[in-house]
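For this one, chain P is given, so just place chain H on it according to the hints.
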Amino acid sequence: MWTFIIRRLLQSIIVIFGVTAISFVALQIGGDPTYLYVSERATAEEIQQTRVALGFDRPLYEQYFTFIGNLLHGDFGTSLSYKRPALEAVLEALPATIELTLFAMIFAIVLAIPLGVFAALYRGSALDGSIMTMGMLGQSIPSFWLGIMMIMFFGLYLRWLPISGHVPFLVPLLQGHVVEAFSQLPMALYYLVMPGVAVGFYSLSRNARLVRSSMLEVLGQDFVRTARSKGIPEAAVIIHHALRNAWLPVVTMVGLEFGFLLGGVVVVEMIFSWPGIGRLVFNAINQRDIPVVQACVIMLSVIFISLNLLVDLIYVRIDPRVKL
Amino acid sequence: MTSLIRILATGCALLCGIAAAQAAPPPDTLVVGLSADASTFDPAQISSRDNANIAKHIFATLYTVNFEGEIKPYLADKTEVSADGLSYLIKIKPNLTCDNGEALTAEDVAYSFNRPADKSKKFTGNSAGFVFPTLGFKSAEVVDDLTVRINLSARTTLALGMMAQIYIHCKDAYEAMTLEQASTNPVGSGSYRLVSWQRGSQIVLEKVKDPGRFKRIVWRIIPEASTRTAELIAGNVDIITNVSPDQIGAIDASGTAAVEKVSGTRRMQVGYNLSPNAAGMPGAAEIQNPKVRFALQYAVDVPGICSQLLGTTCERATSLVNPPNGNPDLKAVPYDPAMAEKLLDEAGYPRGADGVRFHIRLQGPRGRYLNDANVVQAIGQYLTDVGVQTDVELLEWASVYSPLLRAKKMAPLFFLGQGGVTWNPLYDMSLFSTPDATTNYQSWTDPRWFDDWKLALAAPSVAEARPVINRMLKLFYEEGPWLQLYFQPDFYGVSKRVAWKPRRDEEIDLFDASLK
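Protein chains in written order, with UniProt numbering: chain P, 1 to 324; chain H, 1 to 516.
I should point out that these hints are in silico values taken from the structure, not numbers from a laboratory.
These figures come from a predicted structure and were not determined experimentally.
Check before you lean on any hint, since a few could be wrong.
Listed below are the simulated BS3-like cross-link pairs for lysine-lysine, each with C-alpha atoms no more than 30 Å apart in a straight line [as the list claims (entries may be wrong)]: (1) H:Lys-516 / H:Lys-261; (2) H:Lys-496 / H:Lys-207; (3) H:Lys-501 / H:Lys-93; (4) H:Lys-171 / P:Lys-83; (5) H:Lys-215 / H:Lys-516; (6) P:Lys-83 / H:Lys-119; (7) H:Lys-291 / H:Lys-331; (8) H:Lys-138 / P:Lys-83; (9) H:Lys-215 / H:Lys-93; (10) P:Lys-83 / H:Lys-121; (11) P:Lys-83 / H:Lys-207; (12) H:Lys-72 / H:Lys-93; (13) H:Lys-171 / H:Lys-121; (14) H:Lys-207 / H:Lys-91; (15) P:Lys-83 / H:Lys-122; (16) H:Lys-119 / H:Lys-91.
Pulled out of the complex, with its shape left as it was, chain P reads as follows (with noise of 0.2 Å):
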């Protein structure tokens, strides 16, 4: 197992070093960013100047490298924008990020579980037909719209909910703050509520039909039968033996999926008012603050290949089949 972890881990290397080349490239092919960061009345001499000051005026190789040498480090380097470190920045925006993820994802899986399991032990009924057409919607519907729905309807009409803002638990928690989290954690959620389920509605869509059709072919496995025919209880069939053989192909999609959800959620963040990293690498393209852009990339890249390596191993422990 540890040659298969080595390896892996050796392979990430490459992976990351591909993603910050090609992401660094892509920053620079729209010209020369120097133009947003000084005044529209600037001089050829003071745009010079900052082009200098900024180190746009290397060849492209040559900043990239710098940039790699300096990584090696551990350094970042500095937010064109924000004037500071910019993992500073990234790590100040992830737990926000994190914490979104984390909802979306418990959201999703909590209840998409019982709804495929449900829907497969009530094939073609109603019950089926209805989560089935709550899973099409779930896939179809954006989840742009999804947020600016619920921000109607639950944070403007019934004024349940609130329409945007965000209440830190993740970050008095890493702190060492405990009691302080704990003590804001309700409020946390309450914020978490609308865009946690307008990220993980679509995750909640997809695992509810992956449960269910993974049920259905276990449920007509001979081991199911045979359990049955042993006279064991069927909630019992239904919870030991037939559900933890069928949630083998949503565990590697649940891990894939907090990768992906990770990276995905900048406009539920938008709308939301989320200071995550989705609304920081929004700004930093847009700004074209190179070293902020990349420290994202970098930070979710190993985020996703860890996750990728946890569910394998993951994998391994749930399905002895599996072999490394």
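Coordinates of chain H only, in the frame set by chain P:
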């Protein structure tokens, strides 16, 4: 039973907390919804309008431009200008302090000017990048405890207005800070101090002295326009910026808020790219002819664009100068397609067999200005209607449009908005200070304009320069490098809880805002 009571009590406590979160702001607090966060509070680094709007409540300035567009003293008490206009002797008010209690003296004022000008610090904010080059700033020196001398390289009637953009801060506090600390821990001289800054969420200011009526100002960062509108209607914020025209009706009908419309100072135009960079592009040769440029003015229905696409009425601009500083003899060109066609015929561009006079390309940004994409497409259609077959190209602002603009490599026609002021016509005209000025995106080179510009600039006052200014504006009207459009209307959503009026110059001034 005890457990049940505990659960109910916890539930009630939670609901109370939730209700509190949904409540309107307290009476001593004003909440403003902005579309973008501040990036820094280092007075030498601030450059964006949203950032400056917050900073102006933290940092005082020597002068201020009031609601009517007049320059008034703020920290300055008395100003003497040398005969050659190159030296400003400014006496500040006594007993001033920064918000850390430090006395604010002439030394601090001089430092506030000299620090951003220090090239070794590589500041890229508004002061170093725009104000000082325009001002011709050379140095600031201390004369005595309350008097500072500002030295300029050339006479300019723009001096006081430019000085009004320099944030005054205390030397000792900033000398003790790193640049990173300076960006997050401002020690201001204004009437509010920064209490907290949750990046991406909100900025809280607390009043330390007059002017200002609210004890606290909370700036909430709400990037999405429809979310800002929802927060305003729900009563959670008092003022929102950049209201989208399609949401005006919803706000006005809400009963809790109303939209305040103001004709801004941003000058919207279709620029004619007269630069050799455009040579060879369709339409580039034709627009070199001033008669064609003037004819196209008649082809576009500007009031129609305003009412249909911007949700308001607006008056067509007659020049690049904001009212009331323009040439009063000039009347806005009316929408008259027949006249446009007649003038194009006379200019030597009749319709061909296919009904087309000539082809041209019009570029515009998407999402930079109010409803820009639709406005650009409408203009393209108006021009096509008079036989100028216009291909419209919409581009992303930051990575495509802006670099092309700066390199003066736009298409022969390009849509643009350039900020202006109400306090001096020469500021608005300074876009064309030289044929190769960076802001002369149109590469206009008419020597009559640039000869007159030198005369206008050398005049001791705007009043004395007025005849020259009027002559220049007439030339701009008849042969200028812009297809004149409108001054961009700005829409603010204002809660019925507060009394507040927006300014024309995109500045948000909350000192006089109050509860109704």
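Each hint, compared with the structure:
1. Between the alpha carbons of Lys-516 (chain H) and Lys-261 (chain H) the distance comes to roughly 19 Å, so the proposed pair stays at or under 30 Å and holds.
2. Restraint check for Lys-496 (chain H) and Lys-207 (chain H): satisfied, since their Cα atoms lie roughly 23 Å apart, inside the 30 Å limit.
3. A distance of roughly 28 Å separates the Cα atoms of Lys-501 (chain H) and Lys-93 (chain H); the hinted pair therefore holds under the 30 Å criterion.
4. A C-alpha spacing of about 20 Å is found between Lys-171 (chain H) and Lys-83 (chain P), which places the hinted pair at or below 30 Å, so the restraint holds.
5. Pair hint Lys-215 (chain H) plus Lys-516 (chain H) holds up; C-alpha atoms about 16 Å apart against a cutoff of 30 Å.
6. Straight-line distance between C-alpha atoms of Lys-83 (chain P) and Lys-119 (chain H) comes to about 16 Å, which keeps the hinted pair within the 30 Å bound.
7. Note on Lys-291 (chain H) and Lys-331 (chain H): the hinted pairing holds, with a Cα-Cα distance of about 18 Å set against a maximum of 30 Å.
8. A threshold of 30 Å between alpha carbons decides the hint, and for Lys-138 (chain H) with Lys-83 (chain P) the separation of about 26 Å falls inside it, so the pair holds.
9. Straight-line distance between C-alpha atoms of Lys-215 (chain H) and Lys-93 (chain H) comes to about 24 Å, which keeps the hinted pair within the 30 Å bound.
10. Straight-line distance between C-alpha atoms of Lys-83 (chain P) and Lys-121 (chain H) comes to about 12 Å, which keeps the hinted pair within the 30 Å bound.
11. Restraint check: the Cα-Cα separation between Lys-83 (chain P) and Lys-207 (chain H) comes to about 27 Å, which is no more than 30 Å; the hinted pair holds.
12. As the CA atoms of Lys-72 (chain H) and Lys-93 (chain H) are separated by approximately 14 Å, the hinted pair is consistent with the 30 Å bound.
13. Among the hinted pairs, Lys-171 (chain H) with Lys-121 (chain H) is consistent with the structure: their alpha-carbon atoms are about 15 Å apart, no more than 30 Å.
14. With a CA separation close to 26 Å, the supplied pair Lys-207 (chain H) and Lys-91 (chain H) stays within the 30 Å bound.
15. With a C-alpha separation of about 11 Å, the suggested pair Lys-83 (chain P) and Lys-122 (chain H) falls inside the 30 Å cut-off, and the hint holds.
16. In summary, the hint linking Lys-119 (chain H) to Lys-91 (chain H) is supported, as the alpha carbons are separated by about 27 Å, within the 30 Å threshold.
Hint violations for this structure: none, all hints satisfied.
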